[in-house]
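Asks: Please construct the entire structure, taking both the sequences and the accompanying hints into account.
Protein chains in written order, with UniProt numbering: chain C, 1 to 315; chain Y, 1 to 276.
Just so you know, these hints were derived from the structure itself, not from any lab. The structure presented is a predicted model; accordingly, all values stated were derived computationally and were not measured. Some hints could be false.
One-sided excerpt, in silico: chain C residues whose CB lies under 7 Å from chain Y [unchecked claim]:
1) Leu16
2) Ala18
3) Ala19
4) Leu25
5) Ala141
6) Pro143
7) Met149
8) Leu153
9) Ala156
10) Leu159
11) Ala252
12) Asn259
13) Val270
14) Val282
15) Val293
16) Ile294
A few chain Y residues that don't get close to chain C, going by computed Cβ distances all over 12 Å [claimed, not checked]:
17) Leu78
18) Gly173
19) Leu247
In this text, a Cβ means the ideal position worked out from N, Cα and C, and glycines have one as well.
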Amino acid sequence: MLHYFLKRLISLGLSLVAASVVIFLALEVVPGDPASYMLGLNAQEDTLNALRQELGLNGTILERYVSWAGGLLTGDFGTSYTYRTPVAGMIGDRLWVSLPLALYALILSTLIAFPAGIWAAARRGTAADATVMGVTQLGVAIPNFWFAMLMVLVFAINLRWFSAGGFPGWDAGFFVAMKALTLPAIALALPQASILTRVMRSSLLDTLNEDFIRTARAKGLTKGQALWRHAVRNALIPVLTILGLQFSFLLAGAIIIENVFFLPGLGRLVFQSISARDLIVVESIVMLLVFAVILVNFAVDMAYAWVDPRLRRRR
Amino acid sequence: MSLLLHSRTLLPGLVLTLVFTGAALISLVWVPYDITVLDIASRMKPPSWVHPFGTDQFGRDILSMIMEGARTSIAVALVAVGIGMVIGVPFGLAAAVRKGGLMDEVIMRGNDLVFAFPSLLIAVMITAVFGASALNAIIAIGIFNIPVFARLTRGAALSLWSRDYILAARVAGKGQARISLEHILPNVANLLIVQGTIQFSLGILAEAGLSYVGLGAQPPIASWGRMLADSQTMISLAPHLALFPGLAILLTVLGLNLLGDGLRDALDPKLRRARV
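Replies: The following block contains the structure:
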């Protein structure tokens with residue numbers, strides 16, 4: 001296990017370095033100089049130089065990469081070109097909206113998918129199963145930002161149960177803040193819950209065909225007992241993998257949903273930064289999200305190996 | 001034909017897909033109204049015989065915009081699948097030639113790297129540098145598709161390389177590239193078609209999402225995602241503005257997913273035998 005862990009840890013490190021190089025090269029080696037963009041056409045050369053110095057834009061590409069990557073490691077993400085405040089602080093504030101939103105959606109999709117998947121698998125081939133499969137087929141195909149707009153129309157504008165957008169902040173109280181995140185979280189969770197339901201169902205159906213289920217039934221367990229005591233637990237492994245992978249998609253997907261509800265999260269920040277050509281902010285947010293994807297994948301791999309010892313030897 | 005009738009999903013999937021590709025093709029030569037002409041007098045009209053899907057805030061015919069939007073969606077998603085296949089499949093074939101070899105390692109690690117970038121983030125990066133356009137949406141979704149096809153091809157090809165007929169081809173003196181092309185590729189084609197359909201539907205969703213947040217096609221090109229973005233502030237006054245573009249996306253994606261499921265059943269001989 002330790003050998004496997006160390007091997008995966010090295011590969012994790014290499015992935016992070018490679019991803020940071022790709023992001024840095026893509027966004028830093030661009031035509032156009034942020035300093036002259038900020039100061040306009042009539043800027044004096046010495047003013048430009050002073051600003052470049054301040055933003056850390058002087059020096060070779062390698063020097064700039066090392067200083068940027070070194071900064072990331074110590075939590076210094078640089079200074080925003082437009083707001084002139086530390087990027088780390090800006091991201092930190094927004095993260096308190098995006099991260100809870102993604103977690104909320106993850107919990108919702110689990111709460112929907114587990115019972116729905118188990119319910120459908122236990123009633124394979126019946127109308128109930130067909131209904132669940134039909135609904136998930138729709139859930140996968142529906143654009144979640146459109147579903148979000150329809151929910152706003154029904155629950156915010158017509159029924160007035162929720163506000164149509166905005167975020168009061170966590171200072172307003174936990175439940176007030178969670179209420180503001182509820183519609184966005186449902187919209188975000190819907191496609192993921194549909195996928196997860198299908199995975200849960202098919203994984204459970206595979207497990208129900210295994211010999212140990214027949215053995216359990218032969219020793220006198222009812223269908224329900226065999227399902228709950230033996231099948232569900234064994235079917236969970238692939239489901240957990242998908243669940244882990246979904247978290248990174250939820251974090252990225254939040255970027256679009258935040259725009260529907262005007263939530264002050266990472267998504268809003270990234271689009272504001274794009275239009276202001278505040279590349280350092282875009283760079284940091286993309287790096288943070290890619291870092292999250294890679295880290296979650298690593299965690300899923302490790303959890304998988306921990307649960308299923310055969311995997312440690314396979315690679 | 002009997003396959004069409006046997007599968008519960010193939011026929012509805014095919015019909016929906018044909019409706020939307022048909023609409024896109026017809027829009028090349030004809031649309032009910034010119035969508036570049038504004039008609040303020042008849043703005044935000046609900047659906048009627050004159051305008052079956054109503055008109056938008058500038059008096060443009062929504063049916064015409066949906067037809068042209070279908071063209072954008074389908075073109076973006078189709079080219080993105082093409083990029084993924086043309087680059088991903090050769091990489092997958094090359095990686096499978098020697099499992100665990102240097103080539104395999106390099107390609108698969110590169111794959112893992114690209115996989116860590118959701119298409120939305122690729123689009124964000126490209127747009128931050130070059131500005132928003134339909135072309136950038138195509139590139140972003142296309143890049144995202146590359147590792148999908150590379151992995152699929154590699155996985156399927158690996159199991160084929162141990163087959164007897166491949167051994168026979170090697171004994172006959174065929175090189176690795178020729179075997180990959182003449183024997184491996186035709187045998188993974190079915191899988192690629194099925195996955196292509198799925199990536200096509202994901203591409204439609206991705207394009208809609210990107211143009212919704214302003215990272216996709218720009219005016220005057222019609223796009224479903226931007227129609228939805230434009231309708232958002234008017235949704236309480238004129239819900240039909242948001243209803244039809246959303247339904248168009250939903251039905252197109254649903255159609256492609258059903259088609260993909262149906263094709264998988266139809267093209268997989270094991271499943272077919274099992275049913276008979």
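Asks: The structure should be examined with respect to each hint, and the outcome stated for every one.
Replies: Right, here's what the structure says about each hint:
Hint status for Leu16(C) relative to chain Y: violated, with the closest Cβ pair at about 9 Å, above 7 Å. At its closest, the beta carbon of Ala18(C) sits 5 Å from a beta carbon of chain Y; the interface hint therefore holds under the 7 Å criterion. Evaluation of the Ala19(C) hint against chain Y yields a held restraint, the C-beta minimum of about 6 Å falling below 7 Å. Hint status for Leu25(C) relative to chain Y: violated, with the closest Cβ pair at about 10 Å, above 7 Å.
Here the hint on Ala141(C) is kept, as its CB sits about 4 Å from the closest CB of chain Y, short of 7 Å. The restraint placing Pro143(C) at the interface with chain Y holds, with a minimum CB-CB distance near 5 Å, inside the 7 Å limit. For Met149(C), the interface hint holds, the least distance from its beta-carbon to any beta-carbon of chain Y being 5 Å, beneath 7 Å. Hint on Leu153(C) holds. Least Cβ distance to chain Y is approximately 5 Å, under the 7 Å limit.
The closest approach between the C-beta of Ala156(C) and any C-beta of chain Y is roughly 9 Å, which is over the 7 Å cut-off, so the hint fails. At its closest, the beta carbon of Leu159(C) sits 12 Å from a beta carbon of chain Y; the interface hint therefore is violated under the 7 Å criterion. Taking 7 Å as the C-beta cut-off, the interface hint given for Ala252(C) holds, the closest approach to chain Y being about 4 Å. At its closest, the beta carbon of Asn259(C) sits 5 Å from a beta carbon of chain Y; the interface hint therefore holds under the 7 Å criterion.
Among the interface hints, the one on Val270(C) holds; its C-beta lies about 6 Å from the nearest C-beta in chain Y, closer than the 7 Å criterion. Because the beta carbon of Val282(C) sits about 5 Å from the nearest beta carbon in chain Y, less than 7 Å, this interface hint is met. For Val293(C), the interface hint holds, since its Cβ comes within 7 Å of a Cβ in chain Y; the closest pair sits about 5 Å apart. Given hint, Ile294(C) at the interface with chain Y, holds; its Cβ is 5 Å from that chain's nearest Cβ, closer than 7 Å.
With a minimum CB-CB distance of about 18 Å to chain C, Leu78(Y) clears the 12 Å threshold, and the non-interface call stands. Residue-level check passed: Gly173(Y) sits 34 Å from the nearest beta carbon of chain C, beyond 12 Å. Not every CB of chain C is more than 12 Å from the CB of Leu247(Y) (nearest about 9 Å), against its label as outside the interface.
The structure does not agree with the numbered hints 1, 4, 9, 10, 19 stated previously, though it agrees with the rest.
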